[in-house]
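Construct the entire structure; sequences and hints are all you get.
Top to bottom, those sequences are chains Z and H.
If you count the first sequence from 1, position 253 lands on 253 in this note's numbering, and the numbers rise without skipping.
Add 420 to the 1-based position in the second sequence for this note's numbering, that's all there is to it.
Just so you know, the hints here were simulated from the structure itself, not pulled from any lab data.
A quick note: this is a predicted structure, and the numbers were derived from the prediction, not measured.
Glycine residues also receive a C-beta, built at the ideal position from the N, C-alpha and C atoms.
Any given hint could turn out to be false.
As the list claims (entries may be wrong) - Facing chain H, from chain Z, some residues (calculated, C-beta under 10 angstroms): (1) T71; (2) R80; (3) P210; (4) G239; (5) S307; (6) L399.
What the hints assert, rightly or not - Cut-off 16 angstroms, straight-line C-alpha distance, at most; resulting in silico cross-link-like pairs (EDC-like, lysine to aspartate or glutamate): (7) K816/H to D206/Z; (8) K285/Z to E224/Z; (9) K396/Z to D626/H; (10) K816/H to E390/Z; (11) K308/Z to D817/H; (12) K406/Z to D53/Z; (13) K396/Z to E628/H; (14) K406/Z to E628/H; (15) K396/Z to D811/H; (16) K728/H to D811/H.
To be verified - Here are the simulated distance ranges between beta carbons: (17) S760/H to K378/Z: 53 to 61 angstroms; (18) M782/H to Q401/Z: 27 to 35 angstroms; (19) E628/H to P252/Z: 50 to 58 angstroms; (20) Q401/Z to A790/H: 25 to 33 angstroms; (21) A377/Z to I840/H: 38 to 46 angstroms.
Protein chains: 2
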Amino acid sequence: MTRRNAFYAQSGGVTAVINASAAGVIETARKHKDRIGKVYAGRNGIIGALTEDLIDTGKDSARAIAALKHTPAGAFGSCRYKLKGLDENRAQFERLIDVFRAHDIGYFFYNGGNDSADTCLKVSQISQRLGYPLIAVHVPKTVDNDLAVTDNCPGFGSVAKYVATSMREAAFDVASMAKTSTKVFVLEVMGRHAGWITAAVGMAEDRETPLPLLLLFPEIPFDEARFLAAVDAKVQRFGYCCVGVSEGLRNPAGELMGEAGTRDAFGHAQLGGVGPLIATIVKDKLKYKYHWAVADYLQRAARHIASKTDLEHSYAVGKAAVLLALAGENAVMPAIVRMSDKPYRWKIAAVPLAKVANLEKMLPRNFITADGFGITAKARAYLAPLIRGEDFPPFKDGLPQYVQLKNVAVPRKLGTEFKI
Amino acid sequence: MTRRNAFYAQSGGVTAVINASAAGVIETARKHKDRIGKVYAGRNGIIGALTEDLIDTGKDSARAIAALKHTPAGAFGSCRYKLKGLDENRAQFERLIDVFRAHDIGYFFYNGGNDSADTCLKVSQISQRLGYPLIAVHVPKTVDNDLAVTDNCPGFGSVAKYVATSMREAAFDVASMAKTSTKVFVLEVMGRHAGWITAAVGMAEDRETPLPLLLLFPEIPFDEARFLAAVDAKVQRFGYCCVGVSEGLRNPAGELMGEAGTRDAFGHAQLGGVGPLIATIVKDKLKYKYHWAVADYLQRAARHIASKTDLEHSYAVGKAAVLLALAGENAVMPAIVRMSDKPYRWKIAAVPLAKVANLEKMLPRNFITADGFGITAKARAYLAPLIRGEDFPPFKDGLPQYVQLKNVAVPRKLGTEFKI
Chain Z
1 MTRRNAFYAQ SGGVTAVINA SAAGVIETAR KHKDRIGKVY AGRNGIIGAL
51 TEDLIDTGKD SARAIAALKH TPAGAFGSCR YKLKGLDENR AQFERLIDVF
101 RAHDIGYFFY NGGNDSADTC LKVSQISQRL GYPLIAVHVP KTVDNDLAVT
151 DNCPGFGSVA KYVATSMREA AFDVASMAKT STKVFVLEVM GRHAGWITAA
201 VGMAEDRETP LPLLLLFPEI PFDEARFLAA VDAKVQRFGY CCVGVSEGLR
251 NPAGELMGEA GTRDAFGHAQ LGGVGPLIAT IVKDKLKYKY HWAVADYLQR
301 AARHIASKTD LEHSYAVGKA AVLLALAGEN AVMPAIVRMS DKPYRWKIAA
351 VPLAKVANLE KMLPRNFITA DGFGITAKAR AYLAPLIRGE DFPPFKDGLP
401 QYVQLKNVAV PRKLGTEFKI
Chain H
421 MTRRNAFYAQ SGGVTAVINA SAAGVIETAR KHKDRIGKVY AGRNGIIGAL
471 TEDLIDTGKD SARAIAALKH TPAGAFGSCR YKLKGLDENR AQFERLIDVF
521 RAHDIGYFFY NGGNDSADTC LKVSQISQRL GYPLIAVHVP KTVDNDLAVT
571 DNCPGFGSVA KYVATSMREA AFDVASMAKT STKVFVLEVM GRHAGWITAA
621 VGMAEDRETP LPLLLLFPEI PFDEARFLAA VDAKVQRFGY CCVGVSEGLR
671 NPAGELMGEA GTRDAFGHAQ LGGVGPLIAT IVKDKLKYKY HWAVADYLQR
721 AARHIASKTD LEHSYAVGKA AVLLALAGEN AVMPAIVRMS DKPYRWKIAA
771 VPLAKVANLE KMLPRNFITA DGFGITAKAR AYLAPLIRGE DFPPFKDGLP
821 QYVQLKNVAV PRKLGTEFKI
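Structure follows, in structure tokens:
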């Protein structure tokens, strides 16, 4: 067995726990020094590979790498950069292989969503065509929870826990104020295509903690009259109403509500998102006082309230990726397989990338109640284990202590520049 | 010594820890059953007193009352309702005394901000004028931290911890994405009149965790050109920039930026707040991709990341209020006195309400750096102990468990209705 180096990169929107996958990759690789020499990370994702801007993760201590498990976001930098098709832009892929060859990279670990799974597959294909020996393994990650095959995506459980907790807390606040002040509260959450995160907001309330809550899913076209009637019914009955709305909510014409021609007095487009828009519709039509929040990056960076289950998954897929690579499994992704809901049991299984790449897993219609405004028992059974467990980061002087790595550059070996 | 009942009410915007003050009041009263009979709470604050809608807190168990210490918002309901002057609306005050007399209330505990301190003082004055024996004690609370005399206000430390943590986490996210995507992130925080919460955002970064951060205080009129230059300088140097902006930011004409004529295509006013407005200005002028968040109620309800110091203060002022009342101290407020920064030591001292009512404590100019965009060492020394310590609520199935009290109504004794 030869000893070769590994390349790891983070891709797309980051999460509260993607660095736990990085720790899984790096720590597992360090345990197999006979097979894996250096672990290089791409600075700012795949761009780091294309521009030969590699980070030597070996320059960071075991302690710093362990701290990645409690540090949100992408410690090596991520990027939104999709490699084109093999035929459209063969030069890019060839450049990747050139860089890999220069640094004797035999393992390619790509940590991302469905676009990245596709890129990972293509990298595997081009390496074979070019006769360059490379094992490519995709490490799943996305808060959107829309990767195919895997039961859930690392990153989602923590967002889910954050939005459910935040909505529960805000609902208690609104309940206090409703008599003379705010009666309707709107929280906008992420998930442009699929309503997984919106569904998670629904976990804010349960039998033990009843709250008047309505959800607006991207899967259900916005029906203003029905929505207003539902809000009014909640306010009449409970004194207030909370609304969780997806950034991906669409009007009956199929347009994103948050982008449908909103412009302020200065001509700025897209000043507010769909959250403030929904709140304003409530105010205009029902005359109720409202508040709204848009958590934006706060929700996907909230490592301070990450889900322990999610963290375990995230570390496990990083670790499994390395073990799969060492076992010679190429063009695969370690997927999370749910074995039972109660007790929650799961395992990791390798899935061919061709079954994952570019596919989107939508929220099943039977996760949404018939009226379109809530989640079903099926959804609850699915979501419950994913938000379970706490794993608070270390705090110092009142604030979570997150690691900033040294990110020491690997000396370049190629004399050529590559324009992105 | 006669045994009389107590009345407790929550007033104004609620906080993550105001219920800890309620627990302090109720638990301390329960320890003095020889002097205090029932503790009645106003349903929805002072409105509950005016309408004789009282809650018998005795119907909730010791366990439920203890759970208030880890439950955000106002467990008995709060209200935004300011009693007018004694001469303008004497009927209201007389009605209060009628209700108190009917229920043999000898102690009045009012948990609120500077308006409430004023109301508490007036209640004390009218009871004397009417010859009704009543001891009125104000229990301080406000996320705005703008009460006079007291070193800090219960509720503020937890918001401060939340906004500093959230900005730190979001900054890590933006740092990851900046190469190809978001370069500027804007977080809008509360505090319409004083920049205390904005200052707390500044704690997100420190020597151990350097981050490019700019703050926009309500105290410093917005200077677009200087701001844009500062943002651009941060992006040029660090690759990205984070901005914490107060909802109370004003333009040079003194108008609130978040309300200065923003209107969307449908004619909805105030669609976005100042956070999205600032983000849009950055986008329009500097062409940087942006994201923005408005935490709104999330920040003041975030009991899951409350400050332990803040909780201790909150409980202590509730407890002290009862002990002061039992000692015969009337028309006072238990204030927090800082005895030293390092180690942080504090005590409670009674302050006459006349010294607190209707006053606002502004952020000192020497807490803000000369350039107007940051906080000084003085501010850090002040803020540091207030955000220190964690006191996580109990979690069950992944979510914080907050108590919803029974809130059993006290049978009415007066045959008269009172219109609010």
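Next item on the list: Just pull the numbers of the violated hints for me, sorted ascending.
Entry: The structure conflicts with no hint, since it agrees with every one listed earlier.
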